[in-house]
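Student: Here are the chains, one letter per residue:
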Amino acid sequence: MVPLSWYLIFSAALFSIGLFGVLSRRNAVAILLGIELMLNSVNVNLAAFWRYGDVMDIAGQVFAIIVFAVAAAEVSVGLALVISVYRRRNTVIADDLNMLKW
Amino acid sequence: MIHEETAKLLTWLIPLPPVLAFALILLFTNRNKWLSHTLAIGAALLSWLTSMLVTVFFAFRIEHFGDHPIEDSINWLPLGDSWFRVGVLIDPLSALVLFFVAWTVLAIFVYSVGYHNYGQPEGDHDHKGLPPHGATVEEHGHKHVVPSVEPMYARFFAFIGLFAFGMFTLVVSDNLLTLFVGWEIMGLCSYLLIGFWYAKPSARDAAVKAFMTTRVGDVFMLLGIAYLYSVTSTLSFRTIFTESVLHTLATVPSGFLGFSAAGLIGLLLFIGTVGKSAQFPLHVWLPDAMEGPTPVSAMIHAATMVSAGVYAVIRMFPLISLDEKTMTIVAFIGAFTAIFAATIAVAQNDIKRVLAYSTISQLGFMIAALGIHAYIAAVFHLITHAFFKALLFLGSGSVIHGMEHGVLHTGNHNVDPQDMFNMGGLKNKMPITFWTFLIGGFALSGFPLVTAGFWSKDEIFADAFGNGHWTVFITLAVAAFLTAFYTMRQITLTFLGEPRTKEAEHAQETPWTMTLPLVILSIFAIGYGWVGIPEHFPVLGGLVPNWLHEFVGGTLVEHPEVVEFSWTPLLTSFVVALGGLALGYFMYRDVNLPAEDKLQIGFLKNKYYFDEIYDTIFVKPAFWFAEKFVYQFLDKGVIDGILHLFGPATNEIGAGIRNYFDLPIINRFIGDGSADATYWFGGKLRAIQTGRIQQYLMLTLIIFIAIGIVLYFFKLA
Amino acid sequence: MDFISTHLLSLILFIPLFAGVIMLLLPADENKLYRWFALGASLIPLILSLMAWFQFESNKPGFQLEETYAWYSAIGSSLHLGVDGLSLTMVLLTTLLIPLAILASFNITEKVKAYMMLFLFLETGMLGVFLSLDLLVFFVFWEVGLVPMYFLINQWGSANRNYASLKFLIYTMGGSLGLLLAIQLLGVLFKTYDLQTIIANWSTYSDPIAGIPANTVKTIAFWAFVIAFAIKVPVWPFHTWLPDAHTEAPTAGSMILAGVLLKLGAYGFLRLVLPLYPVEARIFAGALAFLATAAIVFGAFASYAQTDFKRLVAYSSVNHMGFVMLGIAAAGLASGTNDATIALNGAVLQMFNHGLSAAGMFFLVGVIYDRTHTRNLEEYGGLFPLVPVYGGILIFTSMASLGLPGLNGFISEFLVVRGSWPILTAYTAISMLGLLFTGAYILKGIKKVLHGSLNQHWAHGEHKLTEINTREILVMAPLMALILWIGIYPAWILDVINKAVGMLF
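One line per chain: the protein sequences are D, X and E, in this order.
Under our numbering, the first residue of the first sequence carries the number 674, and numbering increases by one thereafter.
Under our numbering, the first residue of the second sequence carries the number 273, and numbering increases by one thereafter.
Under our numbering, the first residue of the third sequence carries the number 1218, and numbering increases by one thereafter.
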C-alpha cells in the first residue's frame, strides 16, 4: 500500500486548489465549483483515514456519505441562488454582488 | 433691758419692714400718696424701734459686749460637702452703726414727706420724671404759684425703703457675702434715686456714672471676697477674725507684688470702699449725684451708702491691718482725698456741691484714720459725721425749698435756687433751718467742745500725732482748716448778710416735717461727742467715762490702746477749727458776686478736670474699643470675615469642581469622548464591509490562520 | 398613674411631638384653637417634669427614671433615657420656657399652625438632648432641634432672616460633623452607643486605633466634640452666628434660642466632654479658659457698642455663657477639688439663671418692638412715664441680667468667680472687666429706652405706646418670681445641682 501521507498531501493539495478557486474566481458558479472541490478533498481525506485506520469502524465511510449528501444539497441551493441572482442582476460575477456594502 | 433671744429675733427682723414697704408700695399703693408714705415711714419706724431695742435696750447695756455679741445663722448655699451659712451679727461696731443708721433713716423718711410737698396741689405741667414746677392756685381772686407735689411721690418712698433695707442688711450681716448683697442693693437704689428725675438728661447720666464708678470698685471687691473665701473657706466675720485664720492669711503669699494674702484681700476690699465712699480716684460720681432729690443726697452721702464703705473697711480692719503695705495705701488715699476734696469745695457755688465734696473729704479723714490704725477714732468720726452731714444735707434741702418758694413767687426760673450767690440773709427768713445748719456746720468744722465733730476729729489728730504719723497729721490738719473755712463760707453766703436776690427775700421756712428732723439731728450733732471724751483730756476728761472707747474697742480681739494725751493735737484742733471759721467769715462777709470771690480758680471749680480726664482716658476709649474694635473689627470684620470666606470658598470649590473636572473630564472626555471614539472607530471599521463575499472569506481565512499561529506559539492548542 | 410614673421621661419627651402631629389634623384657619392647643400641650410636659422633680432623689448617685427601648440594636444604639440632677434642671428649664414662649407668641398672626407645630417639635428635640443616655440618640436629637429653629427664623423673622437662619443652620451643622464622626468612632469601637458604658471604658482605653496611637485619636476626638459644642454655647470666636440669629428670630424664637439652645452646648460639655476626656480637658483647659474670658470681655464690650436693642441682649448672652465656660474650664483643670465643685455649681446654676433672665429680656425687647416696630435704641427715649409697669419689669429683669445680689444672677456669678479664682486666677481677674461692662450695657439699655426726655413721637396719636398687657405680664411673672426666689433662697435648686455635680466629678 502507498503511505497514508500521499493521500493526505493529495487531499490537502486538492483542498488548497479548491480554496484558491473560491477566493479568486470571478464567476459565482466557479466559486461553487471550488467549494465542491474542497468538499471532495475532504472526502478523500476521510476515506484515506478510514482505510488506513480501523477498517471495521465505518465512521469514516458514513461521514463521507453524509458529506456527499450535504455537498449535493448545498450546491443545488447555491446554483438556485445564482440563477435567482442572475435573473435580477443579470450578472454572475461575485464582485458585483456587493449590496451588503456599508 | 430685753432678753438675748428676743434681741436675736429682732435683729433678723430689722431689715424686713422697709423691703416689705417697697414691695407693697410698688405693687399696690402706688397711686395713693398717703398710704405710701405711711407704709414707708411706718416701716422706718418699725426698723428704728427694733434697732433701738437691740442697741439701747440690749447691746449698750452689756458689759464686754464684744466678747459675746448677738449672732445667729442659717444654711443658705449648698456647696460641696458643706453649706455656706449666712446670718446676723450685732457686735459693738454694728450696734453703734445700727444706732445712727436707724435715726438718720427715720429722719430722712419723715423729711421726705415735706420735701416732696405732700399736701400741695398737683403741678400745672408736671411730668413724671421731671422735678415738680409749681401749681397755680387762686386765693381770694389772686393767683400765685405754690410748690406742687412730686408726681412720682409713692415711687420715691418705695425706693428709699429698698435703700434702707440694703443698709440694714449690710449692717446686721455676719458675713461678707450678705454685706456685699446689701452693698449692691444700695448701689442699685442710688442709681434709681440719683436718676429719680430720669427725664432730666443730667440726672440720667449722673445715675449711670454713679453706678459704673462704684461698680469698678465692686468688681475688685468681689474678687477680694472670692479670694478670701478660697483661702479661708468662710466669709463669716467671727470665723475669719480668729487667731488661726488671721495667721494663715497673714503668712500665705498672694503672689502679687509681695503682698500677703491678707494684704491683697484687704487691698481688693478697700478698692470697693474707694468706689462706694467716693475716695480718690473713684470720687467723680458723688458730686454729680447731687442731681437726685436732697433726701437722697442725705441718705446716700451721709447716713448710709458712703458710710457703708467706711463701715466695710472698719469691719475688715483686723484683716487689712495685717499687712502694712495695704495700710499705707489706705492711709495715703484717705489723707490725700481729704485734702484734695477740701480744695475743690472752697470753689463751689452750689450749696449741695460744697457738701458733696465735704463728704468726700470727711470720708478721707475716716479712711486715713483707719490707715494709721486709729480704729476707735475712725468709728467715732463715722458716727458723728453721719449725724451732722445728714443734718447739713437736709438743711440744705430746706434752704433750697425755701429758695424755690421764692422762685415760684417771682416766677423767674432762670434763678438757680441752689446757687449760694443767689441767697443771703436767710437767717431771718428761715431761723430753724439756720440754727440747725449752723450747729451742723460747726460740728463739721470741729468747733471745740460743744460739737460732736470736734471730739471725733480731735481723736483722729491725737492718734495721728501720738503715733508719729506726721504726714497724715499735717495733711489732715490742713484739710480740717479748709473744712472750717469753706463751711463758714457756705454759712456766710447762704444765711448771713442781706438777701442778694428777690427770690431770697421771699424765702420761707419749711414745714415741720422738714424742720423736726433737723432739730433731732442737731441734738445728736451736739451731744454725741460727749460719749467719747478721752480720759486724759484736761478738765473734762474723766468726768464722763469714755464709754465709746470701751464699747467699740470690744469689737476687736485686742482692745486698742488709749493714746497718750498731748497738747499739740488739741491745740491744732482748736486753731484750725476756729481759725478756719473766722477766716471764712471775714473773707465772705462782704462778698456778693462770684467775681468778688477770690477763690473761683478754674481748676478748683472744675474739680481739677478729673471728669474730663476720665472721659478721655476711660470712657471714650472704652466706647471706641467696644464699637470699633470688638464689634466692627473683631466680630464683623475678622470673625465674620473668616466665616464669610467659607460661603464663597465653597462656591468657588464647587464651581471649580464643575468647571475643571466635571465638565471637561467626566462630561466631555469620558462621556462625549467615548461616543466620539466609538463613532470614529466605527467609521474606520466599516471599510471592511465591502459586501463582497470573497473578501469576507479571505479575511476569515487570514484571521483563522493568525489565531492558529498565536495558539500554537502559546502552546495553547 | 402607674404608666405615667414608669414612663415619665418618654412622656415628657414625646408628648410635644405627638401634639405637633395632632395639630396637622386640626381644621384650617383656627388660630385661636392652635394657640390654646399648643399652650395646653406644652403645659403637660411642664407638669410631668415637676412630677419628675419631686420624685427625684438627689442623694442617689447615677441616673434615675431610666427607660430603655430598642432602636437600632444592630449597631448597639437604643433609646435610653434617664436624668440626673444636671439634666433634670435643664429639662425643667425647657419645659418651663416653652409654654411661656408659646404664650408670648399669641400675637403671631401668620401661619400660626405651622409656627406652633414647629415649637412643639423643637421642644422634643431639645428635651431629647437632655434626656438621652445614648450617644447616637443624643446626636439625632441634637440635629433635630436645628431644623424647626431654622424655619422659625426663616419664616417669621425680621429683615435679615435668610442670612441669619442659614448662617445658624450651616454653622451649627458644620460643627457637628466632627461630633458625628467621633461618635461613630466610639460606637464602632465599643459596639454600643450607650453613654455610661462608653464613659466607663473610653477614659482608660489605650490601644492604638487603626494604627494611630490612642492619645492622638483621643485628642482629635476631644477637639471634634469641643468644636461642636463650642459653636453652640457659643464660645468665642465661634459666636458670630448668635447675634444674627437672635436678632432676626421672632421674639419667642429668641427666648428659646437664648434660653435653652445655648444650654445644649454647655450641657454637652458637662455630660460628654468632661467625663469622656478628663485628661485632654485638663491639658486644654487653659485654652478653654482663655476663650471663655474672651467671651466674657468681648461679649460685654460688643454688647455695649450696640444700637439695636435686641442685638445688645444677644451679645449679653455671649457674655453670660462665658461665665458658664469659665466654670467648666476651671472644673476641667482641677477636677475633683472643692473649688471645681463650686465652679461647676456656679456654671450649672448660671445655665438655669441665664435661661430665665435672657428669655425675659428678649421677651421684653419683643414687647417694645411689637409696639414701636423698631429696635433702634436711638429711636426710643424717655418712655418710662408712658409705660411704667413695663419699665419696672425691664429694670427688674435687667438687674437680674446684671447680676445684682438678691437676684439669681449674682449667686451663679459669685460661685463661678469663687470657684475659678484659685484655679484660674488671671483669667478670673480679667473677666471682671467683662463684669464691669455688663453694668455698662445694661444701664445703656435702660437709659436709652426709659430715661431721658420723652420722645414725643411715641406719646400721641397712632404711635402712642400702650402699656404692657396682662398676657405679657403673665409671661414675665413666672420668670420674675423664679429670679427673685433663686436670688433669695437658691437652696432648692442648688442642692440638686450640688449633689449631682459632686457625684459626677
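Source of the hints: derived by calculation from the structure; they are not laboratory data.
A couple of the hints might just be wrong.
Okay, the calculated beta carbon distance ranges per label pair [stated by the list, open to error]:
| # | chain 1 | residue 1 | chain 2 | residue 2 | range |
| --- | --- | --- | --- | --- | --- |
| 1 | X | 525 | E | 1436 | 30 to 38 Å |
| 2 | X | 817 | E | 1695 | 55 to 63 Å |
| 3 | D | 758 | X | 973 | 51 to 59 Å |
| 4 | X | 877 | E | 1593 | 35 to 43 Å |
| 5 | E | 1676 | X | 892 | 27 to 35 Å |
Where is the CB? At the ideal position from N, CA and C, for every residue including glycine.
Student: Kindly indicate which numbered hints from before are broken by the structure, ordering the numbers from low to high.
Tutor: When the structure is compared with the hints, only number 3 turns out to be violated.
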